[in-house]
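Protein chains: 4
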Amino acid sequence: EVKKLKGIVAATVTPIDHFGKVNFQEIPEFISFLLDKGIHGLFPCGSTGEGILLSTDERKKVAELTVKEASGQVPVVIHTGSIDIHEAIELTVHARNIGADGAALIPPYYYSVDEAAILDYYRSIAQEVKDFPLYIYNIPGNVKNVISPMIVVKLHAEFSNILGIKDSSMDFMNFINFKAALPGDFCVLMGNDAQIYSSVLMGGSGAIAATASAFPEPVVEIYESIKAGDLNAALKAQKIVTEIRTIFRSYPPVASYKKALEFRGIKAGVPRLPLRGMTDEESERMTRELSNLGLL
Amino acid sequence: EVKKLKGIVAATVTPIDHFGKVNFQEIPEFISFLLDKGIHGLFPCGSTGEGILLSTDERKKVAELTVKEASGQVPVVIHTGSIDIHEAIELTVHARNIGADGAALIPPYYYSVDEAAILDYYRSIAQEVKDFPLYIYNIPGNVKNVISPMIVVKLHAEFSNILGIKDSSMDFMNFINFKAALPGDFCVLMGNDAQIYSSVLMGGSGAIAATASAFPEPVVEIYESIKAGDLNAALKAQKIVTEIRTIFRSYPPVASYKKALEFRGIKAGVPRLPLRGMTDEESERMTRELSNLGLL
Amino acid sequence: EVKKLKGIVAATVTPIDHFGKVNFQEIPEFISFLLDKGIHGLFPCGSTGEGILLSTDERKKVAELTVKEASGQVPVVIHTGSIDIHEAIELTVHARNIGADGAALIPPYYYSVDEAAILDYYRSIAQEVKDFPLYIYNIPGNVKNVISPMIVVKLHAEFSNILGIKDSSMDFMNFINFKAALPGDFCVLMGNDAQIYSSVLMGGSGAIAATASAFPEPVVEIYESIKAGDLNAALKAQKIVTEIRTIFRSYPPVASYKKALEFRGIKAGVPRLPLRGMTDEESERMTRELSNLGLL
Amino acid sequence: EVKKLKGIVAATVTPIDHFGKVNFQEIPEFISFLLDKGIHGLFPCGSTGEGILLSTDERKKVAELTVKEASGQVPVVIHTGSIDIHEAIELTVHARNIGADGAALIPPYYYSVDEAAILDYYRSIAQEVKDFPLYIYNIPGNVKNVISPMIVVKLHAEFSNILGIKDSSMDFMNFINFKAALPGDFCVLMGNDAQIYSSVLMGGSGAIAATASAFPEPVVEIYESIKAGDLNAALKAQKIVTEIRTIFRSYPPVASYKKALEFRGIKAGVPRLPLRGMTDEESERMTRELSNLGLL
Numbered sequence: 006e007v008k009k010l011k012g013i014v015a016a017t018v019t020p021i022d023h024f025g026k027v028n029f030q031e032i033p034e035f036i037s038f039l040l041d042k043g044i045h046g047l048f049p050c051g052s053t054g055e056g057i058l059l060s061t062d063e064r065k066k067v068a069e070l071t072v073k074e075a076s077g078q079v080p081v082v083i084h085t086g087s088i089d090i091h092e093a094i095e096l097t098v099h100a101r102n103i104g105a106d107g108a109a110l111i112p113p114y115y116y117s118v119d120e121a122a123i124l125d126y127y128r129s130i131a132q133e134v135k136d137f138p139l140y141i142y143n144i145p146g147n148v149k150n151v152i153s154p155m156i157v158v159k160l161h162a163e164f165s166n167i168l169g170i171k172d173s174s175m176d177f178m179n180f181i182n183f184k185a186a187l188p189g190d191f192c193v194l195m196g197n198d199a200q201i202y203s204s205v206l207m208g209g210s211g212a213i214a215a216t217a218s219a220f221p222e223p224v225v226e227i228y229e230s231i232k233a234g235d236l237n238a239a240l241k242a243q244k245i246v247t248e249i250r251t252i253f254r255s256y257p258p259v260a261s262y263k264k265a266l267e268f269r270g271i272k273a274g275v276p277r278l279p280l281r282g283m284t285d286e287e288s289e290r291m292t293r294e295l296s297n298l299g300l301l
Numbered sequence: 006e007v008k009k010l011k012g013i014v015a016a017t018v019t020p021i022d023h024f025g026k027v028n029f030q031e032i033p034e035f036i037s038f039l040l041d042k043g044i045h046g047l048f049p050c051g052s053t054g055e056g057i058l059l060s061t062d063e064r065k066k067v068a069e070l071t072v073k074e075a076s077g078q079v080p081v082v083i084h085t086g087s088i089d090i091h092e093a094i095e096l097t098v099h100a101r102n103i104g105a106d107g108a109a110l111i112p113p114y115y116y117s118v119d120e121a122a123i124l125d126y127y128r129s130i131a132q133e134v135k136d137f138p139l140y141i142y143n144i145p146g147n148v149k150n151v152i153s154p155m156i157v158v159k160l161h162a163e164f165s166n167i168l169g170i171k172d173s174s175m176d177f178m179n180f181i182n183f184k185a186a187l188p189g190d191f192c193v194l195m196g197n198d199a200q201i202y203s204s205v206l207m208g209g210s211g212a213i214a215a216t217a218s219a220f221p222e223p224v225v226e227i228y229e230s231i232k233a234g235d236l237n238a239a240l241k242a243q244k245i246v247t248e249i250r251t252i253f254r255s256y257p258p259v260a261s262y263k264k265a266l267e268f269r270g271i272k273a274g275v276p277r278l279p280l281r282g283m284t285d286e287e288s289e290r291m292t293r294e295l296s297n298l299g300l301l
Numbered sequence: 006e007v008k009k010l011k012g013i014v015a016a017t018v019t020p021i022d023h024f025g026k027v028n029f030q031e032i033p034e035f036i037s038f039l040l041d042k043g044i045h046g047l048f049p050c051g052s053t054g055e056g057i058l059l060s061t062d063e064r065k066k067v068a069e070l071t072v073k074e075a076s077g078q079v080p081v082v083i084h085t086g087s088i089d090i091h092e093a094i095e096l097t098v099h100a101r102n103i104g105a106d107g108a109a110l111i112p113p114y115y116y117s118v119d120e121a122a123i124l125d126y127y128r129s130i131a132q133e134v135k136d137f138p139l140y141i142y143n144i145p146g147n148v149k150n151v152i153s154p155m156i157v158v159k160l161h162a163e164f165s166n167i168l169g170i171k172d173s174s175m176d177f178m179n180f181i182n183f184k185a186a187l188p189g190d191f192c193v194l195m196g197n198d199a200q201i202y203s204s205v206l207m208g209g210s211g212a213i214a215a216t217a218s219a220f221p222e223p224v225v226e227i228y229e230s231i232k233a234g235d236l237n238a239a240l241k242a243q244k245i246v247t248e249i250r251t252i253f254r255s256y257p258p259v260a261s262y263k264k265a266l267e268f269r270g271i272k273a274g275v276p277r278l279p280l281r282g283m284t285d286e287e288s289e290r291m292t293r294e295l296s297n298l299g300l301l
Numbered sequence: 006e007v008k009k010l011k012g013i014v015a016a017t018v019t020p021i022d023h024f025g026k027v028n029f030q031e032i033p034e035f036i037s038f039l040l041d042k043g044i045h046g047l048f049p050c051g052s053t054g055e056g057i058l059l060s061t062d063e064r065k066k067v068a069e070l071t072v073k074e075a076s077g078q079v080p081v082v083i084h085t086g087s088i089d090i091h092e093a094i095e096l097t098v099h100a101r102n103i104g105a106d107g108a109a110l111i112p113p114y115y116y117s118v119d120e121a122a123i124l125d126y127y128r129s130i131a132q133e134v135k136d137f138p139l140y141i142y143n144i145p146g147n148v149k150n151v152i153s154p155m156i157v158v159k160l161h162a163e164f165s166n167i168l169g170i171k172d173s174s175m176d177f178m179n180f181i182n183f184k185a186a187l188p189g190d191f192c193v194l195m196g197n198d199a200q201i202y203s204s205v206l207m208g209g210s211g212a213i214a215a216t217a218s219a220f221p222e223p224v225v226e227i228y229e230s231i232k233a234g235d236l237n238a239a240l241k242a243q244k245i246v247t248e249i250r251t252i253f254r255s256y257p258p259v260a261s262y263k264k265a266l267e268f269r270g271i272k273a274g275v276p277r278l279p280l281r282g283m284t285d286e287e288s289e290r291m292t293r294e295l296s297n298l299g300l301l
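Chains as they are written, first to last, in our numbering: chain A, 6 to 301; chain B, 6 to 301; chain C, 6 to 301; chain D, 6 to 301.
Keep in mind that the hints were calculated from the coordinates and are not lab data. A few of these clues could be false.
Treat identical chains as interchangeable: a pair holds within one or across any two.
What the hints assert, rightly or not - Computed list of lysine-lysine pairs in DSSO-like fashion (alpha-carbon distance at most 27 angstroms, straight line):
1) K135 x K9
2) K244 x K232
3) K241 x K11
4) K42 x K66
5) K9 x K66
6) K26 x K65
7) K159 x K26
8) K65 x K232
9) K244 x K11
10) K8 x K26
11) K8 x K73
Just chain A, same shape as in the assembly (with noise of 0.2 angstroms):
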């Protein structure tokens, strides 16, 4: 049976090392960390976790450990996007047979496509994977493609498999023409964290977040709050959320979730390059604002 992602959702991190190795033998306890904190899925090799600057062999290393670490607790979408399609549709046959609950893909990025490229990249793939849950992941800021609520809406007439989108646009009027072009059973991810709650209130099936990555207690309170119908504690929780997610934005991309995680006793190390690490001023600073929040 299809396991839909739902509810708080961790764009996990993948550790590396200072000499840029993946540093596997640390995801086992990473993913533990985050089950002990009731997380209710993982998404791994996204943006947040490097994906596209990892090889093949290495992702799809990471995708096994994430699964089996899992363990089919929670489910356990990869990341398989790629701008070579061949690669694309390798790392999701390879998340359907590791026994993963599905897989998503960015668009392609770099050039400027049009909308029927967008529809026969994701054609290319799905008709692979014809019994594999398949998730869209509309990043714009990242890769530039727009995907409009239109070719989801195509996509999914044409594939019953493609059941779901993550919306990491930021702009909220996304997800609300999201929400009201596609079925009220399509799957609709927030990827802004300050945004979980209303999208949650407004039909959203929950949010694949990288503040969960390193802080998953607050963002699971957003959700599970909302379940419980108590919205006071479910805003608080989603202020907080906003609040840590504006410190970790200030800081290089991926760099400030994996130095939060040392602090939770996790390794994650540095991003790979060309991503930089913090210096030990951005370090300090990220500490205090950090600890100013209660949170270290």
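Since chain A is already given, all that's left is putting chains B, C and D on it; use the hints.
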């Protein structure tokens, strides 16, 4: 002795067949066609050359064949940029080893990185090939991260082998600002084929031009006429090039150049997925438009 | 006692006949229509009200008629912003003198001004009416200059009569950031009719809504249902309002609201030049679209 | 006979004292200063001239004084655009009646209007002054609404008195596209002072230049040197103008031009509110920067 890029450099396409395989055996004929038309330089594996859609081995082989066929008649600069910094270094070292006249590199893409990360990226590469000419490739429309004049000034001060920039920002103010910030002999190359005439008249070194891949004649004429002191002829040629560019850019990326090359007797084929080829309708319309300009 | 804006405030249109004359005698009937439908406040002379297309005298007369007809049943806040700071002051003093419940002002437009100039603009006005409630109106799509949370924080600290903001930036993150930066009782009003539900659930005070000028019922229902604890009904109403908004915004500005009001029995007429009225084709299409929603 | 704009036209500032009053008596001396320096035309009441911050009467008087002092030595084109179409017509008719050589008009601002509304706006004005030269003023950075080449082509076809455009879009591609779309004798004037050299070499008629209000000499030299066939001197002058422009634009709008005019002996005063004057610190810094260029 260093052969700097100067004049009209063709941003060459990579011939790819309908099965997605690089058609290596067509490269010599294609390069020979460009040399016959008087091209002043060659730039394989860039955006027009689908560099980031090729495997490392394919990129090397395209570079080798281009250098071999050019046989020293004109400088060849290989695009070796990659989000994978190790691939970027490997390709740059390879370019030097096969006797290319330089390498050009886009900055990191997908992630939004700051000046410090961009500087580190170029430093990592420049220090591996200290005597090999390097060019920076500013193309924010594709990579999002902007190369500022200050970045180039810093890199040029640190590495004497960083000796030029290709500005494909489409904004003429950037060209003006690069020229103003850098010494007169620093090579600033135009990447917008509609602004070649203007940039050369402002002291630009020339252009890396996609249009020149299919219709080298009028592009070369812009430069030659300026050098011969005939601004009227140069402006007339520029206007034709601008019209060709407008036509090419109204179709999916890369596909239009390859289709036009068919008419020139070069089997350039189609773009690799996820880029799409032209539909029959598009192909017929473009044929009409190019015919109206007297080019077919 | 201060009557702050709360709930659904109609951004009222200004009735204008086909000769471009303001049809003042229609205003009482229009306001009466809105009050009958349970509107919670009135906002004349804003962007929907063609404020900057009216003469100073016309703006005063529209304000007077609106205040008179509202007769204290609901708060009336007049838009008094102008690129001419003396007109802005004159209109704001006038709003106070006629017994309006506050004034709202856009920042300077046309020129790109910095924070210092924006602060000075609001200070010049605020110090002229120290006991009169003022609202700041953030609408960068029209005026280009952005009101940052920091600007509002500073003004609120200096002037206790600056007690609210209308955020028409269309970006929900701005609403979130205004709420986070300002005290809980500072009035933050939504200016994007598709995000009323979400903003009120985040502690927003309500909305200044153009849609409510023509179809107040579902807009009022969003707010009333939330207050009654019926989120399902509120979300359902919001979805209808979002659909109406999408229809309205697919036509030339202001014209669509006025045309729809015709169907409600209000002679709202047409926009003043240089805004244009709807063509017959547009009018027929909009009638069909609104009918399909069951609104006509 | 029609005196079209050609060469370097100063976008003149309007002298305003510290009480916000227009200092009319300074205008003759200011215009005389510009004529002495060899300016080829005058453009009062534009963006640099704070046109939309002046009353109708003030705009008329500034126009009259400028025309009078120019006394036929150079063409004077008055900016008469306004969001109030009746004011736009009144000012345009006035410009004709006082013997100006033409009027230029920005399109509607504040609201986003479509091509049909923009065409109607210009038509309403053009048909009132059928024998009077009109120029269209493209400045999307201030007015948001873009003048496309197609709009100008249509208007020029309908009204033979619409004979030019000032392109202040800052994007050189727009200049290129206007030149390509319109007949060779249609007057296309550059509104970006850094691109005068390039535009004239592409067949542009000249420039309406804010920089020329304070430092007319190097701006005039660009044009004169090109006409004299000395491209080196022209480019050298352009580089100086570009540097001046960069300095001016690093300060609040209009204020920097007025401050610089002080050093030239012209009492230009300060901008009118809501524009702000320069702080002492800014003023000292700009003085240093202009001195470093050898201009003071």
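Checked hints:
no.: 1; hint: K135 x K9; verdict: within (16 angstroms within a copy, 53 angstroms between copies)
no.: 2; hint: K244 x K232; verdict: both (17 angstroms within a copy, 21 angstroms between copies)
no.: 3; hint: K241 x K11; verdict: both (21 angstroms within a copy, 22 angstroms between copies)
no.: 4; hint: K42 x K66; verdict: within (24 angstroms within a copy, 51 angstroms between copies)
no.: 5; hint: K9 x K66; verdict: within (23 angstroms within a copy, 45 angstroms between copies)
no.: 6; hint: K26 x K65; verdict: both (15 angstroms within a copy, 25 angstroms between copies)
no.: 7; hint: K159 x K26; verdict: neither (40 angstroms within a copy, 30 angstroms between copies)
no.: 8; hint: K65 x K232; verdict: neither (34 angstroms within a copy, 50 angstroms between copies)
no.: 9; hint: K244 x K11; verdict: both (21 angstroms within a copy, 22 angstroms between copies)
no.: 10; hint: K8 x K26; verdict: neither (32 angstroms within a copy, 38 angstroms between copies)
no.: 11; hint: K8 x K73; verdict: within (16 angstroms within a copy, 55 angstroms between copies)
Checked against the numbered hints given earlier, the structure breaks hints 7, 8 and 10 and satisfies all the rest.
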